[in-house]
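Turn these sequences into a full structure, and let the hints steer you where they fit.
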Amino acid sequence: MNRPLLEVEDLATHFTVSHPFGLSRRAVVRAVDGVSFSLAEGETFALVGESGCGKTTTGRSVLRLIEPTRGTVRLDGTDVTQASKPVLRALRRSMQLVFQDPYGSLNPRMTVGRLVAEPLVVHGLASGREAGERARELLSRCGLAPWVADRHPHAFSGGQRQRIVIARALITDPQLLVADEPVSALDVSIQSQIINLMIDVQKQFGLGFLLISHDLGVVRHMADRVAVMYLGRLVEVAPRQEFFSQPLHPYSQALLSAVPREHPQLPKTRIALAGEPPSPTDPPPGCPFHTRCPHAMPVCSRVTPQLRPAASGRTVACHLHHPPEGLE
Amino acid sequence: MGPMNTHVPHTTEPHGAQHYLLATRYNRSALVAHLVLAGIVCAALLAPLVRGPALAQRLSVSLDPPALFSASSQSGALLGTDSLGRDLGARLLLATRVSLAVGGLAVAVACVVGTVLGLLCGYLMGWFDNLVMRVVDALLSLPFVVLAIAIVAAIGPGLVNVAMVLGLTGWITFAKLVRGEVLRIRQQPFVEAARCVGCSHLRILFLHIAPHVLGIVLVGITLTFGQMIIAEATLSFLGLGIPPPTPTLGGILAGAQETFFAAWWLVAFPGVILMAIVLSVNVVGDWLRDYFDPHVPIPVVRRER
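Quick mapping for you: the protein sequence lines, in order, are chains A and B.
Mapping of the first sequence onto my numbering: position 232 corresponds to residue 217, and the numbering continues sequentially without gaps.
Mapping of the second sequence onto my numbering: position 23 corresponds to residue 65, and the numbering continues sequentially without gaps.
Be aware that one or more of the hints could be misleading.
[What the hints assert, rightly or not] Far from chain A by the CB rule (all over 10 Å, computed), these chain B residues:
1. L64
2. L110
3. W169
4. M175
5. M206
6. T215
7. G240
8. D332
[To be verified] Using C-beta positions, here's what the derived DEER-type ranges look like:
9. B:L166 to A:G62: 47 to 57 Å
10. A:S36 to B:H61: 44 to 54 Å
11. A:H206 to B:W169: 42 to 52 Å
12. A:D135 to B:G146: 34 to 44 Å
Note that these hints are calculated values from the structure, not bench results.
Just so you know, even glycine gets a beta-carbon here, dropped at the ideal spot from N, CA and C.
What follows is the structure in structure tokens.
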């Protein structure tokens, strides 16, 4: 394994929700609550989980688009969380975000050429004709004709726009790309094109990819390692092969069992979880998953399991795999 | 990736002013409004040519009906005369010039002050926004006329002063409109995208957000322009506007109220000009808003029927 490009340690992002008129006490939403992982150069690290589990907030906090409450994020050795505003702006050159919504994330008043060239101009890397030339070049590497640069974003389809977004993210030659549900807003027929484009550019640019997705099909196609998130915490981190063949955490098993089978006659062992995930303003004591876990034990509601190494290079936070000492 | 390259755009599309003229040609109401406005502005520019005898008082021909419609005209004034026997046509030319100048200047002041404050309020939020919005509330709670009397009493009447008074009360409209728009736009993903790319706050505010406010500012300009001209008339009527004998559209209208049963032309002609100005400014404003909105398709060739 290469040296870590991105190191995230004990990252937490809490939001305070205050009620109008102060009728009830202020609630704290623990959207991300102590997440640690690392990502190597050229690696794709996927963050999966149901909506509301905090994966998007994790991505935004890593890029400091949302200020994290605690923890550290280091990109290639540089501390992102402690960086001053000017240093942070310079760092943005090396870490970029691909948005979920290709319709909202491109300024409709700017031409595609200006949008794609903008990061170069902002970071003083090129300007005028040169920036325009490089934008055209990158657009064609992303599978778009050079004349696209003269048009406004509304002239293009979702898939084409996502290519534009990717070109814009790549133009400053970043090291890390956070892709937040990069294809879930697109037609299924277009999704594979964009996924292949991302895999291509990852190879060309040697990018580290933090892929945020709820679509396990996409994850299986792209990821090297998979992390499962539940209620603001990581419950399992595993290499792709191991994760898809034999998930360890009961929540991972339930997630995987929800993926449709390739063939309708293959045996189904669907694990249906009861109820909704608990509110992140009021997480249950102990393991956050114990309220819905089919294997819950008495200890689960008292002791919070920590991520610990398990077989074949994976880590899991579950009392089934690491029984707490001195109990039972 | 083949399918993206199949559509080849026209390479000889007209640009800039030529594109604007071509596009305006095929929108009939916009075309008419442009012509009317151009005519009024030209007339206002030519107004200084009217001088001397045309503006003199001739009490022998006071309230003379327009020669254009009446054979019994004694003065030969095409649009009639007022109660002091002055040629209404000549005065209207001058009045149009003065009113356009006051309206234009007032709108410019209001627009610049209001837009900048609105942009800052919507983007910065927090204490600055609170401060400006409380000032706005305070200004809104004062009746406009009382405020204007107070300011004019302090700085004295005159064209520039009146325009300043109107501008410094009119910025509220722009500040509120722009602030609301900025609050909406700043939530859009492309603003976060700009932040993520590493844009400075100034760049985000003026390059990414401000262009989206253009449409609503244009609408604000067209709405307030008419109001300003009418407000100037109100001030003139109260003796706080531009002092006579300098004619203004509002001043002529106000002066006509004692005699308008006998002399309809004193109300009709300035009224028609006022209406033409306000209406054509509104139509041109709507057209500009559409023209600058990339979502509205603007044909530059005649539509097939």
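Worksheet item: Are all beta-carbon distances from L64 (chain B) to chain A longer than 10 Å?
Response: Holds, since 18 Å exceeds 10 Å.
Worksheet item: Does the Cβ pair D135 (chain A), G146 (chain B) satisfy 34 to 44 Å?
Response: 35 Å, holds
Worksheet item: Taking 44 to 54 Å as the hint, is the beta-carbon distance of S36 (chain A) and H61 (chain B) inside that range?
Response: 45 Å, holds
Practice prompt. Compute the least Cβ-Cβ separation between W169 (chain B) and chain A, then decide whether it is above 10 Å.
Written response: 18 Å, holds
Practice prompt. Evaluate the condition: distance from the CB of G240 (chain B) to the nearest CB of chain A exceeds 10 Å.
Written response: Check fails; 4 Å does not lie beyond 10 Å.
Worksheet item: Does 47 to 57 Å hold as the CB distance between L166 (chain B) and G62 (chain A), or does it fail?
Response: For L166 (chain B) and G62 (chain A) the Cβ distance comes to about 34 Å; the hint is violated.
Discussion item. The output says M206 (chain B) does not contact chain A. Does that hold with a beta carbon cutoff of 10 Å?
Written reply: 33 Å, holds
Worksheet item: Is 42 to 52 Å a correct range for the gap between the Cβ atoms of H206 (chain A) and W169 (chain B)?
Response: 49 Å, holds
Practice prompt. Say whether it holds or is violated: T215 (chain B) keeps its Cβ farther than 10 Å from all Cβ of chain A.
Written response: 23 Å, holds
Fill in: D332 (chain B) and chain A, when compared Cβ to Cβ, separated by more than 10 Å
It holds; D332 (chain B) is separated from chain A by about 14 Å at its closest Cβ, greater than 10 Å.
Fill in: L110 (chain B) non-interfacial with respect to chain A [C-beta, more than 10 Å]
It holds; L110 (chain B) is separated from chain A by about 49 Å at its closest Cβ, greater than 10 Å.
Worksheet item: Can we trust that M175 (chain B) is non-interface, i.e. its beta-carbon lies farther than 10 Å from all of chain A?
Response: Correct as stated: the minimum Cβ-Cβ distance to chain A is 18 Å, above 10 Å.
Hint compliance for this structure: hints 7, 9 are not met, and every other hint is.
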